[in-house]
Amino acid sequence: QQQVKQSPQSLIVQKGGIPIINCAYENTAFDYFPWYQQFPGKGPALLIAIRPDVSEKKEGRFTISFNKSAKQFSLHIMDSQPGDSATYFCAASMRDSSYKLIFGSGTRLLVRP
Amino acid sequence: SQTIHQWPATLVQPVGSPLSLECTVEGTSNPNLYWYRQAAGRGLQLLFYSVGIGQISSEVPQNLSASRPQDRQFILSSKKLLLSDSGFYLCAWTVQGNTEAFFGQGTRLTVV
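In order, the protein sequence lines correspond to chains A and B.
Numbered per this note's numbering, the first sequence spans residues 1 to 113.
Numbered per this note's numbering, the second sequence spans residues 1001 to 1112.
Bound conformation, chain A alone (with noise of 0.2 Å):
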């Protein structure tokens, strides 16, 4: 219930790709869903965010497409570059006074030149 299941393990996409990362998540409870962006040896850092109000989330390349009904969000990254290689984590909170993320296991994401 408390689990978020993240897809692919890893991905190697040509510069100018458009990589799709996603997860699915079981507990309704969950009211927000952010993504997270990890370089190697670096704490994560939060990309792009949604709830479940709104259906798609668009900052930059990066975009956020979400099925309520479903229980599943995606990341897309448009015109992907080098400097996008990382790790990518989505995770999910519920309005509770912890406010703690469950994280999904990570995508390594690399752009080949």
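Treat the hints with caution; some may be incorrect.
[Claimed, not checked] Stretch-level coverage of chain B by chain A, calculated; a stretch enters the list once three of its residues show a Cβ under 8 Å from a Cβ in chain A: (1) 1037-1051; (2) 1098-1110.
[Claimed, not checked] Derived DSSO-like pairs: lysine-lysine, alpha-carbon spacing no greater than 30 Å straight-line: (3) Lys5/A - Lys15/A; (4) Lys42/A - Lys1079/B; (5) Lys15/A - Lys42/A; (6) Lys1080/B - Lys42/A.
[What the hints assert, rightly or not] Cβ-to-Cβ under 10 Å is the rule here; a few derived chain A residues that face chain B: (7) Tyr36; (8) Lys100; (9) Ser105.
Hints were generated in silico from the structure; no laboratory data involved.
In this text, a Cβ means the ideal position worked out from N, Cα and C, and glycines have one as well.
Given chain A's structure and the hints, the job is docking chain B onto it.
This is chain B only, laid out in the frame that chain A set:
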């Protein structure tokens, strides 16, 4: 602006030795604080969180403990380290009532 400091950046400790990792947040009051652990090539596992001074919630049973002696200070400890305690430890914070979490740069702990 708010910043989070975590130290040390790397640590090599022998099995059976004690551990103390410290995290402090600047520029905010009464934050929620979190300790996560990331095993090599794996996701982030929540270990502890705190919604106030002296208030600690543990997410998984383990060889570690946490304390919050001051509003913006969060400490992760162990009396005797195990090999399985090796990993990348991350501190994070959120503003009370807000879901956006910000992470420190992490501590790479290797238990030998």
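Each hint, compared with the structure:
1. 1037-1051: Our answer is that it holds, as 8 residues pass the Cβ test (under 8 Å) against chain A, meeting three.
2. 1098-1110: holds (count 10)
3. Lys5/A - Lys15/A: holds, 27 Å
4. Lys42/A - Lys1079/B: Between Lys42/A and Lys1079/B the Cα gap is close to 27 Å, so the pair holds against 30 Å.
5. Lys15/A - Lys42/A: holds, 23 Å
6. Lys1080/B - Lys42/A: holds, 26 Å
7. Tyr36: holds, 8 Å
8. Lys100: For Lys100/A, the interface hint holds, since the closest Cβ of chain B sits about 5 Å away, which is under 10 Å.
9. Ser105: Holds. Min distance 4 Å.
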